[in-house]
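Asker: Listed here are the chains, written in short residue letters.
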Amino acid sequence: MSIIEVINLKKTFTSLEVLKGISFSLNEGEVLSIIGPSGSGKSTLLRCITNLERVESGTIIIGGDTLVETSREGKVLYADKETTSRIGQRLGLVFQNFNLFPHFSVLRNITEAPRHLFKYSKEEATELALSLLEKMGLADKAGAYPYQLSGGQQQRVSIARALALHPQVLCFDEPTSALDPELTGEILAVIKELANEQMTMVVVTHEMAFARDISNRVIFMDEGLIVEEGEGDALFVNPKNERTKRFLSRF
Amino acid sequence: MGKLLLLMLEGTFTSLKIFFLTLLFSLPLGLIVAKGRMSKFRVVSSIVNGYIMIMRGTPLILQLIFVYFAPYYIFGASTDRFTAVIIAFVINYAAYFAEIYRGGIQSIPQGQIEASKVLGLSKFHTFTHIVMPQVVKTILPSMGNEVITLVKDTALAQTIGVAELFRVAQNAAARQFSTTPIFIAGLFYFIMNGVVSKSFDLIEKRLDYYK
Chain A
1 MSIIEVINLK KTFTSLEVLK GISFSLNEGE VLSIIGPSGS GKSTLLRCIT NLERVESGTI
61 IIGGDTLVET SREGKVLYAD KETTSRIGQR LGLVFQNFNL FPHFSVLRNI TEAPRHLFKY
121 SKEEATELAL SLLEKMGLAD KAGAYPYQLS GGQQQRVSIA RALALHPQVL CFDEPTSALD
181 PELTGEILAV IKELANEQMT MVVVTHEMAF ARDISNRVIF MDEGLIVEEG EGDALFVNPK
241 NERTKRFLSR F
Chain B
1001 MGKLLLLMLE GTFTSLKIFF LTLLFSLPLG LIVAKGRMSK FRVVSSIVNG YIMIMRGTPL
1061 ILQLIFVYFA PYYIFGASTD RFTAVIIAFV INYAAYFAEI YRGGIQSIPQ GQIEASKVLG
1121 LSKFHTFTHI VMPQVVKTIL PSMGNEVITL VKDTALAQTI GVAELFRVAQ NAAARQFSTT
1181 PIFIAGLFYF IMNGVVSKSF DLIEKRLDYY K
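So the sequences go chain by chain: A and B.
Residue 92 in this note's numbering sits at position 92 of the first sequence, and the numbers go up by one each step.
Residue 1037 in this note's numbering sits at position 37 of the second sequence, and the numbers go up by one each step.
Where hints are given, some of them may not hold.
Stated by the list, open to error - Calculated pairs, DSS-like style, for lysine-lysine (alpha carbon to alpha carbon, straight line, at most 27 angstroms):
| no. | chain 1 | residue 1 | chain 2 | residue 2 |
| --- | --- | --- | --- | --- |
| 1 | A | Lys-20 | A | Lys-75 |
| 2 | A | Lys-141 | B | Lys-1117 |
| 3 | A | Lys-10 | A | Lys-245 |
| 4 | A | Lys-20 | B | Lys-1123 |
| 5 | B | Lys-1117 | A | Lys-81 |
| 6 | B | Lys-1137 | B | Lys-1211 |
| 7 | B | Lys-1123 | B | Lys-1035 |
| 8 | A | Lys-75 | B | Lys-1205 |
| 9 | A | Lys-240 | A | Lys-20 |
| 10 | A | Lys-81 | B | Lys-1123 |
| 11 | B | Lys-1117 | A | Lys-135 |
| 12 | A | Lys-119 | A | Lys-141 |
| 13 | B | Lys-1117 | B | Lys-1137 |
| 14 | A | Lys-119 | B | Lys-1117 |
| 15 | B | Lys-1123 | B | Lys-1040 |
| 16 | A | Lys-141 | B | Lys-1035 |
| 17 | A | Lys-245 | A | Lys-192 |
| 18 | B | Lys-1035 | A | Lys-81 |
| 19 | B | Lys-1117 | B | Lys-1035 |
| 20 | B | Lys-1152 | B | Lys-1137 |
| 21 | A | Lys-81 | B | Lys-1040 |
| 22 | B | Lys-1198 | B | Lys-1152 |
| 23 | A | Lys-141 | B | Lys-1211 |
| 24 | A | Lys-75 | A | Lys-10 |
| 25 | B | Lys-1211 | A | Lys-122 |
| 26 | A | Lys-75 | B | Lys-1117 |
| 27 | B | Lys-1123 | A | Lys-119 |
| 28 | A | Lys-122 | A | Lys-135 |
| 29 | B | Lys-1117 | A | Lys-10 |
| 30 | B | Lys-1123 | B | Lys-1198 |
| 31 | B | Lys-1137 | B | Lys-1198 |
| 32 | B | Lys-1211 | A | Lys-10 |
| 33 | B | Lys-1117 | A | Lys-122 |
| 34 | A | Lys-141 | A | Lys-122 |
| 35 | B | Lys-1152 | A | Lys-141 |
| 36 | A | Lys-240 | A | Lys-10 |
| 37 | B | Lys-1137 | A | Lys-122 |
| 38 | A | Lys-122 | B | Lys-1123 |
| 39 | B | Lys-1040 | B | Lys-1198 |
It should be emphasised that the hints constitute simulated quantities derived from the structure, not laboratory data.
Please build the complete structure, drawing on both the sequences and the hints.
Answerer: Here you go:
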């Protein structure tokens, strides 16, 4: 069963049509990369799925619950608050610029949501956070504040923060775009490790070699549409569409 | 001289009462006003904006007179002088604080709110635990300014006959044909504001643990 189902999704910003009818699905355990030029709507798609943007029309079903659907008459219907928050818990999102809470220590950045959402005790939440930090290779940074960390370390904390809610799908919105090439590697390694653990992921990225390396499936988007979709590295090895070929020829 | 100091301490006590009561009510009220000013509903934000414009656009001394005398002309009954002072100060300072809060709230990056939303934090929790602590840090310097002004503004309470520090000093000066009491009052204000700015320095230092 697919864990994310998107049907004919459309999104317009004032008069600019950013998504012109996107349909795709994601199965459990899959790693899906979404590539494409800037402004193609990749990030907007991710933001619609994670409910940070309201869609114009279309349907999004996550884990069997409908986040939004569109009636025949074109009426957009969002799920009620309870369903929305249940759906939200199934998704984690890692931002391009981390968005860590600067006034919280690394530890509190991770424990805040599980404590608020799952009513974890301080000890439970701390234990969980420390094990995640260990996994991210940041066990010694629990007491540090975000400003004391490098960009790569901050991004690893934000991945730990997302994982602390045990999401069924982890979404990445250009997770390395704010990092210099040296730090990019450490984030890609973490994502790759998660992929090896069968974490279901959607990765919006500009790192072509990486996308090719980790993905079960790759979607190429341009001007608000899915131009081409390919299993494994098929899209890189043998792109069918002219636009895809042109885009990939630069890498 | 001892009697004069005693009188002036009494006046100082009144000034401090005005100061603390004003802060007690105007700090939270300012936050509500700021929320109203940022409301999605046009009617609410326009009304609140009008209120802020009047409060900041007219002299506090005039507002004091209005708050004290308006009930008399409308209902035929006057309010207690001290209560009138507190009301006037609170609604005036709430307007200034509101604009400071608004600036602070709007300076918080949208990403902070989006991260909170994605993490499932409620809107209330996001406001109290993510937004406000950061707002406090950013607005602290402008708040310090405003609070220092408040200490000196308490002298305006005498307009409607409340014997605060400056009024007491002026009375004593008139009795003694000497300006000394007025300069002593000046020293008192200076010391009070020394405490205020020292306190703000301390809070700023305490919030210096992050950038």
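Asker: Holds or violated: A/Lys-245 with A/Lys-192, Cα cutoff 27 angstroms?
Answerer: Holds - the C-alpha atoms of A/Lys-192 and A/Lys-245 are around 26 angstroms apart, at most 27 angstroms.
Asker: A/Lys-81 and B/Lys-1040 were given as a pair; does the straight-line alpha-carbon distance stay at or below 27 angstroms?
Answerer: Within the cut-off at roughly 20 angstroms; holds.
Asker: Is A/Lys-81 within 27 angstroms of B/Lys-1123, Cα to Cα?
Answerer: Roughly 12 angstroms between the alpha carbons, so the hint for A/Lys-81 and B/Lys-1123 holds.
Asker: Would the pair B/Lys-1137 and B/Lys-1211 pass a check requiring their Cα atoms to be no farther apart than 27 angstroms?
Answerer: Holds. B/Lys-1137 to B/Lys-1211 sits at ~10 angstroms (cutoff 27 angstroms).
Asker: Measure nothing beyond the straight line between the CA atoms of A/Lys-119 and B/Lys-1117; if it is 27 angstroms or shorter, mark the hint as holding.
Answerer: Given pair A/Lys-119, B/Lys-1117 holds - Cα atoms ~17 angstroms apart, limit 27 angstroms.
Asker: Please work out if A/Lys-75 and A/Lys-10 have their alpha carbons no farther apart than 27 angstroms.
Answerer: The given pair, whose Cα atoms are some 13 angstroms apart, holds under the 27 angstroms limit.
Asker: Given the hint that A/Lys-141 pairs with B/Lys-1117, test it: the Cα-Cα distance must not exceed 27 angstroms.
Answerer: 25 angstroms, holds
Asker: Given the hinted pair A/Lys-20 and A/Lys-75, is their alpha-carbon gap at most 27 angstroms?
Answerer: 17 angstroms, holds
Asker: Is the hinted pair B/Lys-1137 and B/Lys-1198 satisfied, with a Cα-Cα distance of at most 27 angstroms?
Answerer: 16 angstroms, holds
Asker: So if I understand the rule, the pair passes when the alpha-carbon distance is 27 angstroms or less; does B/Lys-1117 with A/Lys-135 pass?
Answerer: Holds, at roughly 25 angstroms.
Asker: Does B/Lys-1117 pair with B/Lys-1137 here, judged by a C-alpha cut-off of 27 angstroms?
Answerer: 22 angstroms, holds
Asker: Please work out if A/Lys-141 and A/Lys-122 have their alpha carbons no farther apart than 27 angstroms.
Answerer: 18 angstroms, holds
Going through the hint list in order, the structure does not satisfy hints 4, 8, 16, 30, 32, 35, 39.
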